[in-house]
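There are 2 protein chains.
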Amino acid sequence: MKRVIIVGAGFGGIRAASALSGKGVEVLLLDRHNYHLFHPLLYQVATASLEQESIAYPVRAMMRRWKGVSFRMTEVCGVDLDQRQLKTSSGTIDYDYLVMSAGSISNYFGMESVQRHAFDLKKMEMAVGLRNQILGSFERASRETDPEVRRALLTFVIVGGGPTGVEFAGALHELMRHVLTKDFPELAATEKRTLLIEASDCLLTPYPEDLRRYTLEKLQQMGVEVMFKAQVSGAETDRVLLADGTIIPCHTLFWCAGVSASPLAKDLTAAKAPSGRVPVEPDLTLPGHPEVFVIGDLAYLVQDGAPLPMMAPVAMQQGLYAGKAILQKIAGTPVAPFRFRDKGIMATIGRSAAVASVHGLKFSGHFAWLVWLALHLMYLVGFRNRLVVLINWAYDYLFYERQVRLITREDEAGSCKKS
Amino acid sequence: MKRVIIVGAGFGGIRAASALSGKGVEVLLLDRHNYHLFHPLLYQVATASLEQESIAYPVRAMMRRWKGVSFRMTEVCGVDLDQRQLKTSSGTIDYDYLVMSAGSISNYFGMESVQRHAFDLKKMEMAVGLRNQILGSFERASRETDPEVRRALLTFVIVGGGPTGVEFAGALHELMRHVLTKDFPELAATEKRTLLIEASDCLLTPYPEDLRRYTLEKLQQMGVEVMFKAQVSGAETDRVLLADGTIIPCHTLFWCAGVSASPLAKDLTAAKAPSGRVPVEPDLTLPGHPEVFVIGDLAYLVQDGAPLPMMAPVAMQQGLYAGKAILQKIAGTPVAPFRFRDKGIMATIGRSAAVASVHGLKFSGHFAWLVWLALHLMYLVGFRNRLVVLINWAYDYLFYERQVRLITREDEAGSCKKS
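Chains as they are written, first to last, in my numbering: chain S, 1 to 419; chain Y, 1001 to 1419.
Next comes chain S alone, as it looks inside the complex (with noise of 0.2 Å):
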């Protein structure tokens, strides 16, 4: 029985491993959690909307379904493609196929006092990391005296103007708008601030013009502060630094503002695509490696002149497409080339406003929010984080209330020794 390793348990590992379940062969998945993470709702785990719970589902209780799949928590650590052996930290294993579905990671630009200091969210544990950030300079600037000091706990800075940025400051913004104003009302003399930092001059760039126009509007309208051309250089405990020089007091720094292939990229090519991704061939397979497919993220791949972007969908199809593929190439049938069918693109700013682009035709407002509402519900894994999402989201839009707001930081209290 030929024997397929699955790298990653993400958007497309899961797609590629159900697609090969229950057909003949023997299939391993492996993760370094024990869960599929629905990335797209992470942001709302860092603004109190959401528990981590919620958008996560385990991986083995998926694997129930899936004749023939078993399951590896572990680390991988790199690719002997001539052996065709996956080193991992509980050993070695020898496979016949390989899906690398590794993801990426945040890009700092080589800027390391920025990655010291900034959160991003390509992980559960940095989310839930972010959320006691938060709601931890709330109450340590409830407990300060210095009215500077004060003001830079309540101002919070975002790198980067995509959908990730855009959908965190309009909820961090109504997180501190709507909940937050009336959790600490010691604190309505002090200003907070949401500033959305963006190299280029437009916000949500692959979107049509008035889309953009629509969002950035919004964002002002419910008090975000957004600014254009200017770029981060460099970050400490308290300040963020800009290259203009420019200094902003500030505790809390999130960046989203670059993104690159997984680590692992390396052990694939040596070839230099963008954001170091591995360059696939039209059926997604690695040049000279037909026995191994690169999907989601972690491929580069072009379609009618532009690269796929690394999204979601994109992995999802992929990750079917491997599956298929490589049934496929085992019953020696011939495999067409891998298309990606864009079905659209859609961020939500906040409360009732969000924008949609699906083929040629445009949305914003009200409708494309309760769209994006419904599919983001429907591609969520098992029922029950389903009604818990919604009961959360329902409570959130009738009582303006975010109930998840727990710091669950150990040392947030302080300490007594210091004092």
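To be clear, the hints were calculated from the coordinates, so they are not data collected in a lab.
The reader is advised that the hints may include incorrect statements.
[To be verified] Calculated pairs, DSBU-like style, for lysine-lysine (alpha carbon to alpha carbon, straight line, at most 35 Å): (1) Y:K1067 <-> S:K182; (2) S:K329 <-> Y:K1182; (3) Y:K1272 <-> S:K417; (4) Y:K1122 <-> S:K182; (5) S:K23 <-> Y:K1182; (6) S:K182 <-> Y:K1123; (7) S:K417 <-> Y:K1002; (8) S:K2 <-> Y:K1182; (9) Y:K1417 <-> S:K123; (10) S:K266 <-> S:K2; (11) Y:K1123 <-> Y:K1182; (12) Y:K1122 <-> S:K122; (13) Y:K1182 <-> S:K122.
Fair warning: this is a prediction, and the values are worked out from it, not measured in the lab.
Following the hints, complete the assembly by docking chain Y onto the known chain S.
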């Protein structure tokens, strides 16, 4: 305006704050966490039934309904009774009245090795840590080749046959039997053990004889091994040592065999009461300090010949009493002594199995279990929390499924440096 400081937002503290709100006094509530925690369900967080957010409620959300009450998230370091000052990690605060409801910690009776390796359920972080440990042990066992190590990884030792030990043992055993055996078919041949170790010769000491027998039979029927007259004397990463020399190979040790009052007790009294508690007057004040109330687990008060137990109902009634007593003292009206009204005790063992003893009446089985569920839902704070807990319980009951089984410990997958 008189200033009242309440230390601890537990069952007693929040009821004292509520009783004092809107009554023309300045109330400052202090806690090292920003949430009120429903401790009686912590064992369900540890056994993957409930997410931590569903049994915690933000203190500031409660406070919105409490006029005149403010909150500070801080560590309390000590009390200066003569100066009427509280020392905290964020400075010193004067008080006119003080309510000490700082609760209790685990008591390891000086056994450092046990304290170092054991988990307990006195804090949220521990419950999440214990969940990670249980689920992580299964993941590690599935990667482990040595059958002895595998067996030790799947051996779970619980020390203490009180309600917490019984409830945890039952919930853990059901997690393994209904969920984890399906998740880990590769471990079908490996024995999984739940050991409940008790120093005396019976479980649930304060319960009537026939309920204790029912509990023991039920646990044994399920497959929990109960050891009586056994004492733990030490622990290492991969073993537990008993006083009679027995060595139990096991990687997870849960301790609920001893509780002692918060270390803040030493600032309040030089008297030595059992469990380090603080002896109080019949009106719950500190002898010689009619302005200082000590309540809950921290207080030692004998009623009808026996000390009041360290249990939530006592703290709840004492919190309400202390709040009202302070108002009476300010008004100059006499304060009647505190009297605990015992509404009964109950513990759940597993699916459709619980015991309850109420005013001489005894219940066990399905009915007691339903009453247990209803009462715990009722005492949870927040409608959203009740709904989420209800969904989780329904899921568990109907589908024998616990969906909250995420491992959130970062290093669980192993590191590439070691291999």
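**Request:** Hints the structure violates: just list their numbers, smallest first.
**Result:** Every hint satisfied by this model.
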